[in-house]
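Quick one: dock chain against chain with the hints and give me the complex.
Those protein sequence lines, which keep their order, are chains A and B. The letter at position 34 of the first sequence is residue 34 when you use this note's numbering, and the numbering goes up by one with no holes. Heads up: take any position in the second sequence, counting from 1, add 117, and you land on this note's numbering.
One or more hints might be untrue.
List of simulated lysine-lysine pairs, DSSO-like, C-alpha gap at most 30 angstroms [to be verified]: (1) A/K11 - B/K214; (2) B/K171 - A/K62; (3) B/K226 - B/K171; (4) A/K62 - A/K11; (5) B/K214 - A/K71; (6) B/K214 - A/K78; (7) A/K62 - A/K96; (8) A/K96 - B/K214; (9) A/K16 - A/K96; (10) B/K171 - B/K214; (11) A/K96 - A/K15; (12) A/K15 - A/K78; (13) A/K96 - B/K226.
If you anchor each label on the Cβ, the simulated ranges turn out as follows [stated by the list, open to error]: (14) A/S7 - B/Q131: 37 to 43 angstroms; (15) B/Y186 - A/N38: 23 to 29 angstroms; (16) A/L39 - B/P125: 33 to 39 angstroms; (17) B/S143 - A/E101: 26 to 32 angstroms; (18) B/G169 - A/K62: 37 to 43 angstroms; (19) A/R9 - B/K171: 29 to 35 angstroms; (20) B/K171 - A/P61: 45 to 51 angstroms; (21) B/Y186 - A/R113: 19 to 25 angstroms; (22) A/S58 - B/N173: 32 to 38 angstroms; (23) A/K16 - B/T137: 22 to 28 angstroms.
Don't read these hints as lab results, they were simulated from the structure. Remember, it's a predicted structure, so these values are computed and weren't measured experimentally. Cβ coordinates follow ideal geometry from the N, Cα and C atoms, glycine included.
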Amino acid sequence: EAGVVQSPRYKIIEKKQPVAFWCNPISGHNTLYWYLQNLGQGPELLIRYENEEAVDDSQLPKDRFSAERLKGVDSTLKIQPAELGDSAVYLCASSKGTSTEGTDTQYFGPGTRLTVL
Amino acid sequence: GIQVEQSPPDLILQEGANSTLRCNFSDSVNNLQWFHQNPWGQLINLFYIPSGTKQNGRLSATTVATERYSLLYISSSQTTDSGVYFCAVERETGGFKTIFGAGTRLFVKA
Chain A
1 EAGVVQSPRY KIIEKKQPVA FWCNPISGHN TLYWYLQNLG QGPELLIRYE NEEAVDDSQL
61 PKDRFSAERL KGVDSTLKIQ PAELGDSAVY LCASSKGTST EGTDTQYFGP GTRLTVL
Chain B
118 GIQVEQSPPD LILQEGANST LRCNFSDSVN NLQWFHQNPW GQLINLFYIP SGTKQNGRLS
178 ATTVATERYS LLYISSSQTT DSGVYFCAVE RETGGFKTIF GAGTRLFVKA
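Just chain B, same shape as in the assembly (with noise of 0.2 angstroms):
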């Protein structure tokens, strides 16, 4: 099956930084989801990005489908972003699949 695998593991930052994940798949995707799992758990929509570049505030994604890969910026980091980043992709293959990488933990601090 298609692998997704996302990239730093974990990362640290100072309040005010910027940082960028990545999301790699191995496969054509219908759909690519960034989300955001806050720290009591709850799962947030940021972006539906088959492809092209969204800007939602001080985040943004772009998504190369051609290339297979995905990216989330998050500029001037607060420490409300911290938690955990999840890209899912969907695709066809007998019926739609969602499949979620391991994430990213990010830890902002004050």
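Pulled out of the complex, with its shape left as it was, chain A reads as follows (with noise of 0.2 angstroms):
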């Protein structure tokens, strides 16, 4: 069984630039998540979905970020502008139950890692 698959791996871009990622979940996996991870830190839930509808969006600064899941399945995170700060590498996970059914163990995929010069 395939695991999580993100793309690109890493990313090189100046600041102001757009910028996006794409995450293909584990087949049969209704929960999907962004999280960001800065170096020597936890990751940080950005935002959650369950099947197309964004469940938890409160720490998504959607002021420069905005998200998407159509049809439920594989899903793309874009920044833009991108700010120095945005720099880290950002994770995507998926989990087989939604919060009605019960929630389960999270896979991770490998991330992308960004850097804004």
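Pasting the structure below:
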């Protein structure tokens, strides 16, 4: 079984440029998460999808970040415009259950390392 | 919001030694997970353990939900155990939110 797939693995951009990250969850997983991880810290949740609905986006900086999960499968996270402080690793995770059925184990992708110059 | 504290922050072990990592959380939670982040950055799920005890090879975990803590035991440590161990809790507060601790950085010497 394939794991969570993310692309690109690395991205270097100049500040004020847009950037997008893509995530394909494990097949059959209904819940998808985007996290941000700064160096030396634990991941921080940005947004959680259950199927195609964003059920928690309270930590997403909506002035410059946006996300979508059309058809409830793969997802895209976008930053426009990027700032120097956005340099971090962006992680995607998925889990099979939803809050209605009962949440369960999260499986993580390899992440996208973003560097903003 | 809920606070998740992990201890110790750093740990150096000689290969073959045993260790206990602790995770304290400040409020009731719906579930708790332990992860290992290897030196290449990949997060690997170790245990999904909202309560009780589980074992997987040299690793075991215990969560005492009523006392708001969880322990991860590593026995006969190996150099491949090196990395960062994270505890993550999930709590329903107007939506399920996952909160990670700051992690325990483990280095196992050969």
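Do the hints match the structure? See the list:
1. A/K11 - B/K214: holds, 28 angstroms
2. B/K171 - A/K62: Violated, because 40 angstroms separates the two Cα atoms, which is more than 30 angstroms.
3. B/K226 - B/K171: Holds, at about 27 angstroms.
4. A/K62 - A/K11: Judged against 30 angstroms, a Cα distance of about 21 angstroms means the pair holds.
5. B/K214 - A/K71: holds, 23 angstroms
6. B/K214 - A/K78: holds, 21 angstroms
7. A/K62 - A/K96: holds, 27 angstroms
8. A/K96 - B/K214: holds, 16 angstroms
9. A/K16 - A/K96: The hint is violated at about 36 angstroms.
10. B/K171 - B/K214: With a Cα-Cα distance of about 24 angstroms, the restraint between B/K171 and B/K214 holds, given a limit of 30 angstroms.
11. A/K96 - A/K15: violated, 36 angstroms
12. A/K15 - A/K78: Answer holds: A/K15 to A/K78 is near 14 angstroms, not above 30 angstroms.
13. A/K96 - B/K226: violated, 37 angstroms
14. A/S7 - B/Q131: 37 to 43 angstroms: Given about 40 angstroms between the Cβ atoms, the range holds.
15. B/Y186 - A/N38: 23 to 29 angstroms: Holds: the Cβ-Cβ distance is about 26 angstroms, inside 23 to 29 angstroms.
16. A/L39 - B/P125: 33 to 39 angstroms: violated, 20 angstroms
17. B/S143 - A/E101: 26 to 32 angstroms: The hint (26 to 32 angstroms, Cβ to Cβ) holds, given that B/S143 and A/E101 are roughly 27 angstroms apart.
18. B/G169 - A/K62: 37 to 43 angstroms: Check passed, 39 angstroms falls within 37 to 43 angstroms.
19. A/R9 - B/K171: 29 to 35 angstroms: Because 32 angstroms falls inside the window, the suggested range holds.
20. B/K171 - A/P61: 45 to 51 angstroms: Violated: the Cβ-Cβ distance is about 37 angstroms, outside 45 to 51 angstroms.
21. B/Y186 - A/R113: 19 to 25 angstroms: violated, 33 angstroms
22. A/S58 - B/N173: 32 to 38 angstroms: holds, 34 angstroms
23. A/K16 - B/T137: 22 to 28 angstroms: violated, 48 angstroms
Of the numbered hints listed earlier, those contradicted by the structure are 2, 9, 11, 13, 16, 20, 21 and 23.
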